[in-house]
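Protein chains: 2
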Amino acid sequence: MIKVIILGGGNVATHLAHVFIEASKVRLVQVYNRNITAIEKLKKHTAITDNIQKIKKADIYLISVSDSAIDLVASRLKVANALVVHTSGSTSISVLKKHKHKGVLYPLQTFSKNRKIDFTNIPLCLEATDPKDLLLLEQLALQISKTHYTIDSKHRKKLHTAAVFINNFVNHLYFIGGEICKTNQIEPDILNPLLKETAEKALAITPYNAQTGPARRGDQRTIAKHLKDLSPNQQEIYKLLSQSIAKTYGKKL
Amino acid sequence: MIKVIILGGGNVATHLAHVFIEASKVRLVQVYNRNITAIEKLKKHTAITDNIQKIKKADIYLISVSDSAIDLVASRLKVANALVVHTSGSTSISVLKKHKHKGVLYPLQTFSKNRKIDFTNIPLCLEATDPKDLLLLEQLALQISKTHYTIDSKHRKKLHTAAVFINNFVNHLYFIGGEICKTNQIEPDILNPLLKETAEKALAITPYNAQTGPARRGDQRTIAKHLKDLSPNQQEIYKLLSQSIAKTYGKKL
Chain A
48 MIKVIILGGG NVATHLAHVF IEASKVRLVQ VYNRNITAIE KLKKHTAITD
98 NIQKIKKADI YLISVSDSAI DLVASRLKVA NALVVHTSGS TSISVLKKHK
148 HKGVLYPLQT FSKNRKIDFT NIPLCLEATD PKDLLLLEQL ALQISKTHYT
198 IDSKHRKKLH TAAVFINNFV NHLYFIGGEI CKTNQIEPDI LNPLLKETAE
248 KALAITPYNA QTGPARRGDQ RTIAKHLKDL SPNQQEIYKL LSQSIAKTYG
298 KKL
Chain B
48 MIKVIILGGG NVATHLAHVF IEASKVRLVQ VYNRNITAIE KLKKHTAITD
98 NIQKIKKADI YLISVSDSAI DLVASRLKVA NALVVHTSGS TSISVLKKHK
148 HKGVLYPLQT FSKNRKIDFT NIPLCLEATD PKDLLLLEQL ALQISKTHYT
198 IDSKHRKKLH TAAVFINNFV NHLYFIGGEI CKTNQIEPDI LNPLLKETAE
248 KALAITPYNA QTGPARRGDQ RTIAKHLKDL SPNQQEIYKL LSQSIAKTYG
298 KKL
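The listed protein sequences derive, respectively, from chains A and B. Going by the numbering used here, the first residue of the first sequence is number 48, and it counts up by one from there. Going by the numbering used here, the first residue of the second sequence is number 48, and it counts up by one from there.
Worth flagging that the hints you see were computed from the coordinates, not collected in a lab. Backbone N, C-alpha and C fix where the C-beta goes; we use that ideal spot for every residue, glycine too.
Calculated cross-link-like contacts (lysine-lysine; reagent style DSS-like; alpha-carbon spacing at most 30 Å):
hint, chain 1, residue 1, chain 2, residue 2
1, B, K272, A, K294
2, A, K229, B, K286
3, A, K163, B, K294
4, A, K229, B, K299
5, A, K272, B, K145
6, A, K243, B, K160
7, A, K275, B, K294
8, B, K147, A, K272
9, B, K294, A, K272
10, B, K275, A, K286
11, B, K229, A, K286
12, B, K160, B, K88
13, B, K298, A, K286
14, A, K299, B, K286
Computed far set for chain A versus chain B, every beta-carbon distance over 10 Å:
hint, residue
15, I49
16, I102
17, K104
18, L119
19, L173
20, P178
21, I191
Given only the sequences and the hints, what does the whole structure look like? Please build it.
Below, the structure written as structure tokens:
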């Protein structure tokens, strides 16, 4: 049985808390958060506290707070010989330098409140300086997910940057597509089958082979027509991405 | 039984040919293409020709060629009293002005060779100037898809622009995400569960509510870290999309 304490009450912390509660070989001993209201719902499953001095004993302390607060929480956390881990994609393991046993468990996924997610399919990116600590982290990872990778801070940061393109920016383009529809009194749901197939096709045949559209063909006439329909901000995005696509396929715009 | 002839041999034409061949109340009478090799595989299912003078009789002639060629094909096509239809998102119905009975059947989906697609889930955008022609077009649509919409040329063009964001640009961001991984010796497949969940979450809770990430939070520190990892072209895209996200949520970057 691996005893775990979570520090944090945001999206990732809350999703992790629930998945540890369900895991058979993990015991979620306690959850700490500065603001107790955010973790109140966990009270029926585990101990909760807003006092970092009253942290209990555990094998792994998981700091899952905003990137800029990891440093502070880590420095206030007094633990004897346990493994202290953060869950951030873009933060180096060195932020935990005060602790002898340190690691990272970064779940490569997007989390939102009120959106359930199957944790078993999330790739977990693990890092630890000590091989024994890595082993413990791997044992924990196996309890909650089918896949984990060992990846150092430098590479994890690159991966996090890639994830911003795949998730944050993609989602924003979904938003713009919907806005264009709404501005023109078109029901945005009409785009849903296309949105779905775009993801499925890229997964099936790679994004490089899946690319279609006017920029891919170097079709300046259609591009000029489209630009007339857009707001200045949308035009800028349209132009830049079209240029980038055209360049990828050796076309001129 | 609706008798259909397709003019064209590209992705959309080929997918349509196959779906008409399967449809019980449609008879694909013939497929015409300037280059016969592109449609040779259809020979065992229907008549094929590369001579537009030898076009047979049908109820509906579907011109599914590149946007810039519709005009030419439509003007060369001699039909007595049949409905002439194009399948382009960004082209007005008026390009078919020579024909008395004209219409548009625009399948709102992305088509690639070697990628099978379930046509029944594709929204078909229909337009016709004559109510009787629209009725015939609707009858054809019902044979191949569960959903169709009546939408005029002006709105269809806007919808096509939205589709470029949802599909072409999204796919290119998938490509860039993969490139960042490859440049850093990370297996790009690690991003697949995130890519999938990004689409599913947006469909479930709307893109506006699904947005996460540094730009959404106004987290300049993480953005600065990410920018260091990118090529000049990727940096430009990163900055522009981050600004657009931040603006959407009233954050400053």
